[in-house]
Amino acid sequence: MSTIVAARPSPETRISPVFRFAMLLPGGVVTFFLILFALGLVLFLAFRSNDGSLLGAGLTAANFVTVATDPLYWTVTLRSLVIAGLVTLATVATAYPVAYYLAFHAGRRRNLLLFLVTLPFWTSYLFRVFAWKIVLAYNGVLNSAFIESGLWSEPTLAFLNTPAAVVVTLAHAYAPFAILPIYVALDTIPKSLLEAASDLGARPFTSFRRVVLPNSMPGVLAAALVVFVPTVGDYVTPAMVGGPASTMIGTLIQSQFGKANDWPFGAALSVCVMLVILCVVLVARGADRRFGSRT
Amino acid sequence: MSAARKEANAGGRWLGLYVLAYLVFLYLPILLIPLFSFNDSIQAAFPLQGFTLGWYETLYGNPALSGALANSLVIGFVAASGATLCGITVSYMDLYGRSPLAATISAIARLPILIPGVIVGISLLILVNLIGLGPSRVAIVLGHILVALPTTVVVMRSRFAAIPKTIREAALDLGASDWTTFRRVMLPLSLPAVLSAFMLAFLTSFDEFIVVFFLAGTEPTLPLYIWSQLRFPRSLPTVMALGTVILAVSFVIATLAEILRHRGLGAARRNPA
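The listed protein sequences correspond, in order, to chains A and X.
Numbers given in our numbering equal positions in the first sequence, counted from 1, plus 5.
Quick note on numbering: our numbering labels position 255 of the second sequence as 251, and the sequence is numbered without any gaps.
Hints may be right or wrong, so weigh each one.
Only part of the chain A face toward chain X is listed, based on derived beta-carbon distances under 10 Å [claimed, not checked]:
| # | residue |
| --- | --- |
| 1 | Arg25 |
| 2 | Leu29 |
| 3 | Gly33 |
| 4 | Ala43 |
| 5 | Leu50 |
| 6 | Tyr130 |
| 7 | Arg133 |
| 8 | Ile139 |
| 9 | Ala150 |
| 10 | Met245 |
Calculated from the structure, these hints are not laboratory results.
The beta carbon of each residue, even a glycine, is placed where N, CA and C say it ideally should be.
Let's have the full structure, built from the sequences with the hints guiding it.
Here you go:
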């Protein structure tokens, strides 16, 4: 039997070239043309100077010099990093207990709960942000509810148009992103590890701190990444609930391709954002390796 | 029952309460939109002013709105078809193609997760201007294929991976060509996941705002129409009525996609051979 099997060409070696080409074509076009080539264009444009034409002129690092020397961009970049960092921290910290419950306590309700926490992910991002605008507005839900209940007599302006409003709104909008990666990491921890810890006399908290938490770190890092990346480049939330004091780097990029109409400079800002994200990814990779990724 | 077990159960109850509070935090702001869409006042504030369906009536006979809706539906359908086709082929070749190129394509296809939407938007804006297309519906379709691609690849990859290897090998050993094996064996077995990926891609496109903002020409999609209306306080109740309809449809489609995804996986486990 085994000799017959061995005599045949293995299924992998006889994939026909035509089939291979046809199957690789759609993905190949999309990945190489729409992703790599388009990102390459951004990188190229970042080193050009703005002369009103589509691809600019010359070859210059002036855009990056401006970014590096103008304190405005440092302020805005730093603010974006702080806001995205706070959002990531808040999202991951609040999502962790939910993921923990799903992995170890949910029982029969697990699938239903998993579905409920991921459902908002599929609703319009614009509406999730808009909902907070009507919650936080001067004539909005929160103010009117407090006045109605007699806690306050005057509506307060302190909610809307603050960086804090941006943090809360983004943390709510990206909350569903964080639960799933953490849940998957917790769920794949072998139950024998927990039993061993308990058999060796570890109290529940000790076994959480020494066994569960380190083993779930890859999921925590993945969650932090998928929350951090979209928030650091967000421009819709600052525009809707943030006010002028919450301008983020995404807002600046958007205006370079809109009102300011300086595409090369916008491209340079984009390259800087991608570099920041690359650094964060590398740090996360390094931390992941330190915790001994099981993936 | 050991003391440790008892302690763990008590912890579970507290955690259960926390999860409940978390779900309230997750859903309460979203559910305010339907609540105020039935409120007979232009302000979204308490106390409620009485029940009305008037805001829903304003949705009818609005040519700008129905134009945007038609745009969104067409773009969503085409983009979801493209993203699903790419998701199927990319993940199939990643699993069975045994070539570095297929693995590279699969890795790059999941890359858009690590690119903020604003950068996806501007990079495609530069690209479509370079090839002479300009901001248009085709440009939006390209953008939405990119945004939905990681989802379709992940959904299809986990589905293909759940089909026992022996099924594909049996088909190939019995003389089926690659194409026949793919079309007659692997694709039918993963049909629920294909539908699920398509629906999720459609939802992604239908609700997408950040990328479409850069790529839309003269014909706005529904989220862009809503964005343009948000500037006028007078039209807020209408926006909330529209939002309620969109939320309801999104919930239904997402639920169907979820059911299909689970049904597909269950079928694969029941008929392993």
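Hint check results:
1. A least Cβ separation of about 7 Å between Arg25 (chain A) and chain X falls short of the 10 Å threshold, and the interface hint therefore holds.
2. Interface restraint check: Leu29 (chain A) against chain X, minimum CB-CB distance 6 Å, threshold 10 Å, status holds.
3. Interface hint status for Gly33 (chain A): upheld, as the beta-carbon distance to the closest one in chain X is roughly 6 Å, under 10 Å.
4. With a cut of 10 Å, the hint placing Ala43 (chain A) at the interface with chain X holds, because the nearest CB-to-CB distance is about 4 Å.
5. With 10 Å as the threshold, the beta carbon of Leu50 (chain A) comes within range of chain X, its nearest partner Cβ sitting at about 6 Å, so the hint holds.
6. The restraint placing Tyr130 (chain A) at the interface with chain X holds, with a minimum CB-CB distance near 6 Å, inside the 10 Å limit.
7. The beta carbon of Arg133 (chain A) is positioned within 10 Å of a beta carbon in chain X (closest approach about 6 Å), and the interface hint is therefore held.
8. Taken as an interface hint, Ile139 (chain A) checks out: its beta carbon lies about 4 Å from the nearest beta carbon of chain X, inside 10 Å.
9. Taken as an interface hint, Ala150 (chain A) checks out: its beta carbon lies about 5 Å from the nearest beta carbon of chain X, inside 10 Å.
10. Annotation: Met245 (chain A) was flagged as interfacial toward chain X, and the flag holds, the nearest CB pair being 8 Å apart, inside 10 Å.
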